[in-house]
Amino acid sequence: MVPPTPGPLAAAGALQADIGTVILIGLIAAIPASLAGWIWANFIGKKYDIKPEVEESYSDLINKYGKLPSTFMSFLPLILPIVLILLKSVSAFPSLPFGAKDSKTYIFINFIGDPVTALMIGVIVSLFLVKKSELGTAVDQWMGHGIKDAAIILAITAAGGSFGKVLQGSPMVEFIKVNLGTLNLGIFLPFLISAALKTAQGSSTVAIITTASIMAPLLSTLGLNPALTTVAIGAGSMVVSHANDSYFWVVSQFSNMPVNIAYKIYTTATAIEGTVAFIICLIVSFFM
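Sequential numbering from 101 applies to the sequence shown in the numbering used here.
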């Protein structure tokens, strides 16, 4: 819901919404939504005892590798790609803070901020944390385990993206414009469309961008605020995450959570958070 996340940023551009206003409203909606998710997690977590698989304890790691990297260095391979991706998003702001689009600085930041490049940089940085004696093991075994764990997620993501393209090219988009656009649903309309697309094809980004393209010609007719519409679309893109969403599998697979339990815990949590975020957005709309 909050730029510079790529989805909301693209939606804000398509709807010609003020980025600062979108960030402000997005934060106002995101904080209660996060709190609702935390309350739900505390409630539902008491009903299920899910123990993650721990291959080696901390003491075993110390005995095996000796001194481990500092906390900062351990998080650096994760934080650095995020920072680089954020820089790319910031470079696309209307003010062009890193110079014109044909400048060397802008081109360089867009290159290192591309998600694929940024993640590869993170992988390279992580290799510097490995002892030379363990470097062969890291490349041969650790990366192999990572690829095996990620394979099913990549396959599901690819299938979801393909389905999203089919939806974008289908008559459904025009049907929504013609039929739902005439209903007096107000700010509920972008939320409803985004939630339907998210549930149908799994990708939040696809749901946000598709909904924004549908809503753009309807804003003036419906009298909707562009910033509020952007946040409402973001809230809808959270409802709901299930088996066709790659992040559903990230949560369930890496948390050692059975699929049926993930539906009860995680899918329900996304429904709660998205709904709460929209309710806050609806309340804010009364004052704008």
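If you're looking for bench data, these hints aren't it; they were derived computationally from the structure.
Yeah, the Cβ is synthetic: ideal placement off N, Cα and C, and Gly gets one too.
It is possible that part of the hints are untrue.
With a straight-line Cα cutoff of 20 Å, these simulated DMTMM-like cross-link-like pairs (lysine to aspartate or glutamate) come out [unchecked claim]:
id, residue 1, residue 2
1, K364, D160
2, K146, D160
3, K231, D160
4, K147, D160
5, K151, D214
Cβ-Cβ distance ranges computed for the label pairs, FRET-style [stated by the list, open to error]:
id, residue 1, residue 2, range
6, I150, W242, 23 to 29 Å
7, F354, N279, 37 to 43 Å
8, N356, S195, 42 to 48 Å
9, L135, L283, 27 to 33 Å
The hints, checked one at a time:
1. K364 with D160: The hint is violated at about 34 Å.
2. K146 with D160: Violated, at roughly 30 Å.
3. K231 with D160: holds (16 Å)
4. K147 with D160: Given pair K147, D160 is violated - Cα atoms ~31 Å apart, limit 20 Å.
5. K151 with D214: Answer violated: K151 to D214 is near 35 Å, above 20 Å.
6. I150 with W242: 23 to 29 Å: holds (24 Å)
7. F354 with N279: 37 to 43 Å: The hint (37 to 43 Å, Cβ to Cβ) holds, given that F354 and N279 are roughly 41 Å apart.
8. N356 with S195: 42 to 48 Å: holds (45 Å)
9. L135 with L283: 27 to 33 Å: holds (32 Å)
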